[in-house]
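Asks: Below, each chain spelled out in residue letters.
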Amino acid sequence: MAFKNEGDQKAYWNENLSLLFKLLIVWFVVSFGAGILFVEQLNQIQFFGFKLGFWFAQQGAIYVFVALIFIYMKLMNDMDKKYGVEEE
Amino acid sequence: MDVQTLTFIIVGASFLLYIGIAIWARAGTTNDFYVAGGGVPPVMNGMATAADWMSAASFISMAGLISFMGYDGAVYLLGWTGGYVLLALCLAPYLRKFGKFTVPDFIGDRYYSQTARTVAVLCAIFVCFTYVAGQMRGVGVVFSRFLEVDIVTGVVIGMFIVFFYTVLGGMKGITYTQVAQYCVLIFAYLVPAVFISMMVTGHILPQTGFGATLVDGSGVYLLEKLDGLSTELGFNQYTDGSKSMIDVFCITFALMVGTAGLPHVIVRFFTVPKVRDARKSAGYALAFIAILYTTAPSLAAFARVNMIETINGPQATGTSYAEAPSWIKNWEKTGLITHTDKNGDGKMFYSGDERNEMKIDRDIMVLANPEIANLPAWVIALVAAGGVAAALSTSAGLLLVVSTSISHDLLKKTLTPDISDKAELMSARVAAAVAIAIAGYFGINPPGFVGQVVAFAFGLAASSFFPAIIMGIFSKRMNDKGAVAGMISGIVFTAAYIVYFKFVNPAANVPANWFLGISPEGIGTIGMVVNFAVAFAVFKMTDEAPKEIQDLVESIRFPKGSGEASAH
Numbered sequence: 001m002a003f004k005n006e007g008d009q010k011a012y013w014n015e016n017l018s019l020l021f022k023l024l025i026v027w028f029v030v031s032f033g034a035g036i037l038f039v040e041q042l043n044q045i046q047f048f049g050f051k052l053g054f055w056f057a058q059q060g061a062i063y064v065f066v067a068l069i070f071i072y073m074k075l076m077n078d079m080d081k082k083y084g085v086e087e088e
Numbered sequence: 001m002d003v004q005t006l007t008f009i010i011v012g013a014s015f016l017l018y019i020g021i022a023i024w025a026r027a028g029t030t031n032d033f034y035v036a037g038g039g040v041p042p043v044m045n046g047m048a049t050a051a052d053w054m055s056a057a058s059f060i061s062m063a064g065l066i067s068f069m070g071y072d073g074a075v076y077l078l079g080w081t082g083g084y085v086l087l088a089l090c091l092a093p094y095l096r097k098f099g100k101f102t103v104p105d106f107i108g109d110r111y112y113s114q115t116a117r118t119v120a121v122l123c124a125i126f127v128c129f130t131y132v133a134g135q136m137r138g139v140g141v142v143f144s145r146f147l148e149v150d151i152v153t154g155v156v157i158g159m160f161i162v163f164f165y166t167v168l169g170g171m172k173g174i175t176y177t178q179v180a181q182y183c184v185l186i187f188a189y190l191v192p193a194v195f196i197s198m199m200v201t202g203h204i205l206p207q208t209g210f211g212a213t214l215v216d217g218s219g220v221y222l223l224e225k226l227d228g229l230s231t232e233l234g235f236n237q238y239t240d241g242s243k244s245m246i247d248v249f250c251i252t253f254a255l256m257v258g259t260a261g262l263p264h265v266i267v268r269f270f271t272v273p274k275v276r277d278a279r280k281s282a283g284y285a286l287a288f289i290a291i292l293y294t295t296a297p298s299l300a301a302f303a304r305v306n307m308i309e310t311i312n313g314p315q316a317t318g319t320s321y322a323e324a325p326s327w328i329k330n331w332e333k334t335g336l337i338t339h340t341d342k343n344g345d346g347k348m349f350y351s352g353d354e355r356n357e358m359k360i361d362r363d364i365m366v367l368a369n370p371e372i373a374n375l376p377a378w379v380i381a382l383v384a385a386g387g388v389a390a391a392l393s394t395s396a397g398l399l400l401v402v403s404t405s406i407s408h409d410l411l412k413k414t415l416t417p418d419i420s421d422k423a424e425l426m427s428a429r430v431a432a433a434v435a436i437a438i439a440g441y442f443g444i445n446p447p448g449f450v451g452q453v454v455a456f457a458f459g460l461a462a463s464s465f466f467p468a469i470i471m472g473i474f475s476k477r478m479n480d481k482g483a484v485a486g487m488i489s490g491i492v493f494t495a496a497y498i499v500y501f502k503f504v505n506p507a508a509n510v511p512a513n514w515f516l517g518i519s520p521e522g523i524g525t526i527g528m529v530v531n532f533a534v535a536f537a538v539f540k541m542t543d544e545a546p547k548e549i550q551d552l553v554e555s556i557r558f559p560k561g562s563g564e565a566s567a568h
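Chains as they are written, first to last, in the working numbering: chain E, 1 to 88; chain Z, 1 to 568.
Simulated from the structure, these hints should not be mistaken for laboratory data.
Be careful, since some hints might not be right.
[Claimed, not checked] Each computed SDA-like pair below joins lysine to any residue, with the alpha-carbon atoms no more than 20 angstroms apart: (1) Z:476 / E:15; (2) E:74 / Z:547; (3) Z:476 / E:20; (4) Z:476 / E:70; (5) E:81 / E:19; (6) Z:243 / E:43; (7) Z:547 / Z:474; (8) Z:476 / E:21; (9) E:81 / Z:344; (10) E:82 / Z:560; (11) E:81 / Z:555; (12) E:82 / Z:554; (13) E:22 / Z:557; (14) Z:359 / Z:344; (15) Z:560 / E:11; (16) E:4 / Z:552; (17) Z:476 / E:9; (18) Z:560 / E:16; (19) E:82 / Z:555; (20) E:22 / Z:90; (21) E:10 / E:79; (22) Z:502 / Z:517; (23) Z:560 / E:77; (24) E:10 / Z:549; (25) Z:476 / E:82; (26) Z:547 / E:5.
So that you can see chain Z by itself, here it is in the shape it has in the complex (with noise of 0.2 angstroms):
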């Protein structure tokens, strides 16, 4: 069979699976519409946890940027995961002990205001619609490599599943096929890795082979191999990198915090029954995701060395262009591979000076990977079933956040609170299918700014939430005043340092002209630190919360007592 029908079967069977999943568990509440009943066993709850965080950027995208990025790729290798640690030890149990559904719900009631919980919803609705635009992009972009439908068909199946199970199941529903969506995509990302590690390396595991040498009998380890290829054609030595040290520092840092402080993350500790089990989660949550997380720069290694080779050929002279292999027609198709022949010589040649020839995409890696190294036409299905998981996993998590946002914080606690639970339910639904209407609009017209605006969603997440929801656990003092004055520093301090370097003057965007050197992806870490310090300041000059939120906030600092989450 080829590669299209085999797509086809394997896209096709797992959207069954996830419809007949979404059937399965149908949402019936409020309760379960929201938190899944506060319910899911945390290994499950780990599972989602994963698929959720995991998004069509982290399957297709970051080993390809890696792989471009050499040691500089680590900026998201530990951002990403070292977040969890932050979540695990600061934030999940207490929240989960405190018992609401949102992150809003928790800044409105520990700060006891209006103002607060209304600037955390706002934050949270443009976070998570920031996101979502980029992941419908990504189901268009695999479904029309793949399945050779256009994008705008691609969006709309997408739409289609999504609206399916997140309108029907909510977090229940939603909960549920991310498990199966983790399954997939785990499975398609570690079988062309394996595949590949043992090709290059004969080592069965990607992690080691990274650090393995070579099979071709040479002794060369992987590594100083990549090194000397990359010195050679002009690049920096991949183990390397070329950012400024303070720069990886506070990207890194912006990420994790960012990580912590995002709405969709955090609300899936709200879904377990115990404070206990929100600890236990984080930690397989974590776990599943480091296996991806481990691969990936691997597979990047491995890609790097794979492309060169295959371009460049053995003799580093270039290889024929009328001979070149499929997937670079497959891809030049797409317009993400291009090649000029400078020289003349109708040979192609990739080198980072003024010898090269080709403009390599970094997002197509992981999706062309598998057809540069040779690897039989299923593996390259799997991975396009598993690209569609990890999109879909992480859209239907953002849109429930979205849609409880406003069904919840702002209808229920702000508008109309006399609202009923059905009618509450209703609109959480409404609000979902709008969501959805809307993500797929960004999906099949994207602003030109989606991919800038992902420093937006970590820097806002870190320089707001973050720090208002930390000070809420650990600082029992902590006033209203203080947290808003806060919150809105280092949200204008940050937005108003990124609009200006990717939007008001672009140009400016270099090194010399960036605050301490510090790039917009890392300035969420300065608005952080503003954050806290004007909530300090402020806090200093006006009372401290009044004596039941004192209570209150003693109450979430031990397990015991805890109940399921729940509205009031």
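The shape of chain E in the complex, shown without the other chains (with noise of 0.2 angstroms):
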């Protein structure tokens, strides 16, 4: 057993579900949100020469993307050491 005990395996387990679970909501809300659902909307407002959905669906939630698994990587490998789960 990797965990102290099984109440720290199921904290470690819910932890990292609420984390997908945020990370995920960003991932939908740039591109299926602001890209695709709500492009139109977006779109009157401007920002440099593009219309802003538009930008979105074609730059701006590939760079969020991008940081999103930066993000999570940094965050999981802090939650493996809290827990003492990470690898040697």
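Build the complex from these two chains, which are given one at a time in their own frames, with help from the hints.
Replies: Next up, the structure:
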């Protein structure tokens, strides 16, 4: 058993799921939300030479995707240490 | 030097590089062959994954597609990048901890079922072959246009190179070659993009040039200009697109989930030493991919403006066909551009209405772009080398999955379990060689449906692998019956829908007939929902997974104690 006790194991998994959930909400909002569902509303806003919705669909969401993975990596590595389940 | 000599030199030099790397990174064991000994550093693995992922379609066709689709092109941009977020957060670290060689391995072991394993193997082989035939074709096109050898010779040269480093080096050879191929292809993509961005907007970065004003001093933004041109010529506004919202949503979703379920992408995360590295390398992979994917839409917009202005002329009245630039003549020879002088004025005119006199294939935009913009010959040669690198790297990754599926999942795990490591390695090599020969055959004699079956690859991966793996990790009580029923119903639903609209009754393939207005490209999203629904329904009616499987699932949920990927 890698965890100190079963409670820790549950807590670790729940914390992991809640982090996942939050990051996936951002993932959904920038791509499906800003780039597709609300693209027309956002297109009313000018962002440099772009309509904002169009920018999210063809540029912005991709930058956020990259950032999300690195944020996840950082937070998960910290969480592994906190629960003592990181790799040697 | 002329373009052709330069192309020979640059493409030839890149081939020597790949072969040199293959000899240096030979595989000695099945572990080397399948997962590169599990010892690839995350940055390199990220580059290799990016090269593996970015196919001839990404390199050659995507910007062209976007250039013709405008806003709708976002389905590819979002769909083929967003899947990495799912991979990194929901799949890669857990599959790495699980520590097996292949996706069917995970499905077979997690669902303690040979049926599940066999279904997964068949899907994997089908998905990979669909893909690889298109890649070989891409190699053929690049060769025939730039080296002016015929397509058959082009494909045979491509086959020989891939054969050499796949059969010799396995995953180890492929990984290190792909690192080199990534560098070649990204450099080849960026150089013309930067040149053109500078010419059109004065910005070095195509990503900012995309949203900048034109250099002609008019103060008009590039995209405004493009929207204006599009409307004048009878196209939809570039920034609006023409697909329905639900279709854009579903296609994007199917491509994302399909990406996260594609076996040749997933297997990449078995090659890193640790769970931590799997997370990190997914991040690097997407960052490397994003460099191309954020450049592509910019390139698409520049290319469209350039193309329209070159053909229609500054007054938008058309330009003389007799004095057409050489790129139009060159591509006419390949049949990918045609001009019919409808009004008999001796001029070319391009538009979206009855005035149109040009037929321009979308696939030529990236390859023709440097010529349209009058860039130096070495840039054109470089683009050819990049296109070949993209096609070769993806083919090699796919062929490896095919050979692994046959030697490992089918022979070792199903038919002849007591095969020795050496014999298994030998059969993997033979399988790779046979797979290359078959892929080459399809490259030379492409079945008419290559373009159409791509929807299949993503749809099937989205409706079969993705839900099965997700439930395998996040629902520890999910059982074999639920998973198998889910995979089969997801695949059958998706395949039936695509087959009906693409092959049985293509005439009916219009939005009015589609289920909820979702095209065959996007139906994988519904297939995925069907898979989840059926799996949970069957699961509720049957016994939950046995205790030891539930413990196994518990154990892949945290990184500690991950070993090397292994067969047992």
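Asks: For every hint, state whether the structure bears it out.
Replies: Here is what the structure says about each hint:
In summary, the hint linking residue 476 of chain Z to residue 15 of chain E is supported, as the alpha carbons are separated by about 17 angstroms, within the 20 angstroms threshold. Simply put, residue 74 of chain E and residue 547 of chain Z have alpha-carbon atoms about 33 angstroms apart, too far for the 20 angstroms limit, and the pair is violated. Taking the CA atoms of residue 476 of chain Z and residue 20 of chain E, the gap is near 17 angstroms; set against the 20 angstroms cutoff, the hint holds. Taken as a hint, the residue 476 of chain Z and residue 70 of chain E pair is broken in the structure, with Cα atoms around 27 angstroms apart against an allowance of 20 angstroms.
Between residue 81 of chain E and residue 19 of chain E, the direct Cα distance comes to roughly 16 angstroms. Compliance with the 20 angstroms bound is thereby established for this hinted pair. Proposed proximity of residue 243 of chain Z and residue 43 of chain E is supported: the alpha carbons are some 16 angstroms apart, at most 20 angstroms. Simply put, residue 547 of chain Z and residue 474 of chain Z have alpha-carbon atoms about 16 angstroms apart, close enough for the 20 angstroms limit, and the pair holds. Distance hint between residue 476 of chain Z and residue 21 of chain E is fulfilled; the C-alpha atoms sit about 18 angstroms from each other, no more than 20 angstroms.
For a cut-off of 20 angstroms, the pair hint linking residue 81 of chain E to residue 344 of chain Z is broken: about 75 angstroms separates their Cα positions. Restraint check: the Cα-Cα separation between residue 82 of chain E and residue 560 of chain Z comes to about 13 angstroms, which is no more than 20 angstroms; the hinted pair holds. Between residue 81 of chain E and residue 555 of chain Z the alpha-carbon distance is near 17 angstroms, which keeps this suggested pair within the 20 angstroms criterion. With a C-alpha separation of about 18 angstroms, the suggested pairing of residue 82 of chain E with residue 554 of chain Z holds against the 20 angstroms cut-off.
Pair hint residue 22 of chain E plus residue 557 of chain Z holds up; C-alpha atoms about 18 angstroms apart against a cutoff of 20 angstroms. For the hint pairing residue 359 of chain Z with residue 344 of chain Z, the CA-to-CA distance comes to about 16 angstroms; that is within 20 angstroms, so the pair holds. The suggested pairing of residue 560 of chain Z with residue 11 of chain E holds, with an alpha-carbon distance near 16 angstroms, which does not exceed 20 angstroms. Straight-line distance between C-alpha atoms of residue 4 of chain E and residue 552 of chain Z comes to about 18 angstroms, which keeps the hinted pair within the 20 angstroms bound.
Taken as a hint, the residue 476 of chain Z and residue 9 of chain E pair is honoured in the structure, with Cα atoms around 14 angstroms apart against an allowance of 20 angstroms. Between residue 560 of chain Z and residue 16 of chain E the CA atoms are separated by roughly 15 angstroms; this keeps the pair inside 20 angstroms, and the hint holds. At most 20 angstroms may separate the alpha-carbon atoms for a hinted pair to count; residue 82 of chain E and residue 555 of chain Z meet this at roughly 18 angstroms. A threshold of 20 angstroms between alpha carbons decides the hint, and for residue 22 of chain E with residue 90 of chain Z the separation of about 13 angstroms falls inside it, so the pair holds.
Of the pairs offered as hints, the one joining residue 10 of chain E and residue 79 of chain E holds, with about 13 angstroms between alpha carbons and a cut-off of 20 angstroms not exceeded. For the suggested pair residue 502 of chain Z and residue 517 of chain Z, the alpha carbons sit about 16 angstroms apart, so the restraint of at most 20 angstroms is met. Proposed proximity of residue 560 of chain Z and residue 77 of chain E is supported: the alpha carbons are some 11 angstroms apart, at most 20 angstroms. For the given pair, residue 10 of chain E sits about 17 angstroms from residue 549 of chain Z by alpha-carbon distance, which is consistent with the 20 angstroms threshold.
With a C-alpha separation of about 24 angstroms, the suggested pairing of residue 476 of chain Z with residue 82 of chain E is violated against the 20 angstroms cut-off. With a CA separation close to 19 angstroms, the supplied pair residue 547 of chain Z and residue 5 of chain E stays within the 20 angstroms bound.
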